[in-house]
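K.L.:
Each chain, letter by letter, is given below.
Number of protein chains: 2
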Amino acid sequence: MKKDFVVTPWEVKGDIDYEKLTRDFGVKHLDDKILKGLEKEAGELHYFLKRKIFFAHTYFDEILAEAKKGNKFYLYTGRAPSGPVHLGHLVPWIFTRWLQDKFGATLLFQIPDEEKFLFKDNLTFDDTKKWAYENTLDIIAMGFDPKKTKVFLDTEYAGHMYKTACMVAKRTNISTLKSLFGLKDSNNVGEFFYTCMQSVPAFLPTIMENEPTRCLIPCAIDQDVHFRLTRDVAAGIGFPKPATILSRFLPGLTEGGKMSSSIENTAIFSTDSENVVRDKIMRYAFSGGRESAAEHRKTGGVPEVDVSYQYLTYFLEDSNKLKKIYDDYKSGKMLTGELKQITVDTINEFLSEHRARREEAKTRIEDFMLRD
Amino acid sequence: MKKDFVVTPWEVKGDIDYEKLTRDFGVKHLDDKILKGLEKEAGELHYFLKRKIFFAHTYFDEILAEAKKGNKFYLYTGRAPSGPVHLGHLVPWIFTRWLQDKFGATLLFQIPDEEKFLFKDNLTFDDTKKWAYENTLDIIAMGFDPKKTKVFLDTEYAGHMYKTACMVAKRTNISTLKSLFGLKDSNNVGEFFYTCMQSVPAFLPTIMENEPTRCLIPCAIDQDVHFRLTRDVAAGIGFPKPATILSRFLPGLTEGGKMSSSIENTAIFSTDSENVVRDKIMRYAFSGGRESAAEHRKTGGVPEVDVSYQYLTYFLEDSNKLKKIYDDYKSGKMLTGELKQITVDTINEFLSEHRARREEAKTRIEDFMLRD
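These protein sequences, in sequence, are chains Y and G.
Our numbering applies: residue 3 is where the first sequence begins, and numbers increase by one.
Our numbering applies: residue 3 is where the second sequence begins, and numbers increase by one.
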């Protein structure tokens with residue numbers, strides 16, 4: 003029986019029913035028509051789309067229509083700096099990079115350092131500053147185009163954001179925020195105000211271009227609630243509504259829900275060494291295998307619940323290989339140990355390249371930062 | 003019988019009982035000991051102090067102790083730009099100028115443009131920008147030292163304020179703000195958050211000097227509630243508590259409470275012509291005179307309730323002259339028409355000089371603005 007699930011921007015747990023989430027959040031599926039339209043504009047479909055890892059959207063059809071007309075749009079995503087980046091964080095960024103490549107879009111990369119400061123009791127701005135630096139290395143390592151990518155910290159870039167945040171705030175009362183985010187009178191006022199700052203980069207394209215310019219936000223579906231508010235206030239302020247394209251959560255090693263730095267043994271970090279990655283997957287990755295090798299050979303494994311297999315759907319691009327692994331694991335031909343070994347190798351190959359680019363990023367930070 | 007009174011940062015009405023206000027707000031009277039200490043440090047007492055126009059404080063004794071030790075402190079006051087400046091606004095500025103002269107203190111002059119935007123339904127940021135410019139002319143016309151005065155708009159200077167505002171916000175929950183300011187769930191989140199931005203300039207001296215530096219805030223007593231919150235959070239963030247020195251309200255022409263731009267016929271604006279000033283005082287200033295000249299001659303007037311006389315206590319520096327006017331009006335020797343004429347002349351002389359300096363200020367704005 004499935005566990006109940008919770009999905010808010012600050013908490014994701016349980017067995018997530020993405021169908022229910024799509025209905026509850028009032029977002030749409032990325033249907034065949036949209037995917038065909040995207041394939042036509044982009045020349046191909048990213049495997050995240052074919053595998054329904056990115057599966058839902060709001061107004062993405064309008065973004066495609068703009069692209070078809072040759073009109074530019076911006077991309078906007080973000081990273082709240084409270085700890086090291088894990089594989090789950092990289093998923094929307096991989097896809098964002100693909101969108102930038104295909105559409106030549108300018109990317110606004112928000113680092114909302116105040117968000118984590120406001121929501122985490124013991125986190126200081128010294129902590130967020132350190133993590134903002136570390137996380138920026140991961141962002142740059144994704145291979146974004148430095149000419150078309152602007153990374154900024156909210157507390158540093160606030161001079162260009164606060165006024166627009168006030169325009170959002172003027173249209174957003176406390177009742178609405180309680181209902182959208184489950185906040186209470188005992189929450190601090192920064193926790194209430196923060197979402198106004200998260201709206202702002204959706205409007206910066208229009209401000210920067212000085213004409214109405216659409217914005218597409220690739221992110222995990224838990225963030226859509228922020229942008230529901232953004233969509234609700236946009237027209238009143240005189241900005242076009244942002245679009246979102248929404249992903250599932252990369253599961254944590256030991257359980258459902260999503261990979262999370264704050265739940266022990268669920269996360270693989272971008273800076274984990276090859277041995278650490280091997281150890282984590284071998285020891286903690288929830289297995290869809292059977293009690294014994296003999297039984298597994300006989301009845302076969304369950305790739306649908308096997309976390310190692312799930313990771314391959316995110317990180318193994320070769321769909322033929324993936325199909326064969328699925329079939330072999332399901333039939334019992336492949337044992338859990340072998341599957342885990344493939345996952346270890348796949349992730350270590352990915353991370354080995356990532357870490358090299360991350361190291362190189364240390365000399366390139368100023369190419370990406372939006373200062374003043 | 004006295005009317006009930008209300009004093010919040012957004013509403014002042016009724017017959018104000020300053021004794022009750024002092025108790026309710028938990029502030030202290032400026033007693034003889036403090037005034038003697040101030041006279042010793044400053045070399046003299048401003049007549050606003052002798053006449054109890056500035057009458058209350060928090061921690062001003064500690065500011066004096068710092069000054070005595072030769073330690074610097076900053077001044078901080080402000081002006082929310084939603085309309086023209088009237089005489090009531092100038093009162094704390096006159097006193098702030100005197101403090102700057104006497105102590106050589108740096109003055110931070112906040113223009114919280116977002117405050118009025120957030121609290122007034124129909125006010126736009128185009129409006130606040132226009133009024134910020136107009137009001138800055140009045141500020142400069144006060145004669146502040148350009149080398150020691152930094153004027154800034156919140157929406158422009160937010161890059162240097164938002165982070166500190168978040169530190170205040172993290173320590174301030176919605177319940178506290180409801181209780182301090184009477185805000186409700188139907189108020190917008192900017193109205194709740196704004197006070198955090200009003201706290202920030204109290205901490206900027208320490209940030210700018212990079213060592214603990216006290217701040218003294220001269221303002222009307224309705225603003226103290228903002229700084230009560232500032233005092234409550236200061237130590238937790240690691241900043242010294244700000245001190246306040248608090249004034250009564252300049253009464254409106256027609257009634258008690260305070261002069262207000264939003265109540266018709268109560269305000270004399272800094273840009274009012276001599277004829278307009280004359281007309282407003284002659285027509286609207288509430289009189290402490292009697293029904294007929296004959297009765298007035300016989301029983302005398304009541305200077306305590308006469309608005310023209312009250313204005314003289316603010317704008318006529320010569321205490322001997324003021325005493326004589328008081329006596330003559332009270333005895334019936336001076337009629338209301340004569341008293342009003344003196345007030346018209348006194349205010350017009352003050353405003354005539356002010357307007358000349360205000361005109362000249364148009365070429366000096368950049369000498370005062372804190373940019374970047």
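Quick caveat, the hints were computed from the structure, so don't treat them as lab data.
Be a bit skeptical, because a hint or two may be false.
The list treats identical chains as one, so a pair stands whether inside a single copy or across any two.
Stated by the list, open to error - Simulated pairs of lysine-lysine, DSS-like, Cα-Cα distance not exceeding 30 Å:
#, residue 1, residue 2
1, Lys52, Lys15
2, Lys54, Lys332
3, Lys71, Lys22
4, Lys243, Lys132
5, Lys364, Lys70
6, Lys243, Lys326
K.L.:
Hints first: check each against the structure and report whether it holds.
P.N.:
Going through the hints against the structure:
1. Lys52 / Lys15: Cα proximity of Lys52 and Lys15: one copy only (25 Å, versus 66 Å across).
2. Lys54 / Lys332: Within one copy only: 20 Å inside a chain, 88 Å across chains, cut-off 30 Å.
3. Lys71 / Lys22: Close neither inside one copy (34 Å) nor across copies (68 Å); limit 30 Å.
4. Lys243 / Lys132: The answer is between: 29 Å across copies meets 30 Å, while 33 Å in one copy does not.
5. Lys364 / Lys70: neither (37 Å within a copy, 50 Å between copies)
6. Lys243 / Lys326: This pair counts as neither: shortest intra-copy Cα distance 43 Å, inter-copy 68 Å.
In terms of the numbered hints stated before, the structure departs from hints 3, 5, 6, listed from lowest to highest.
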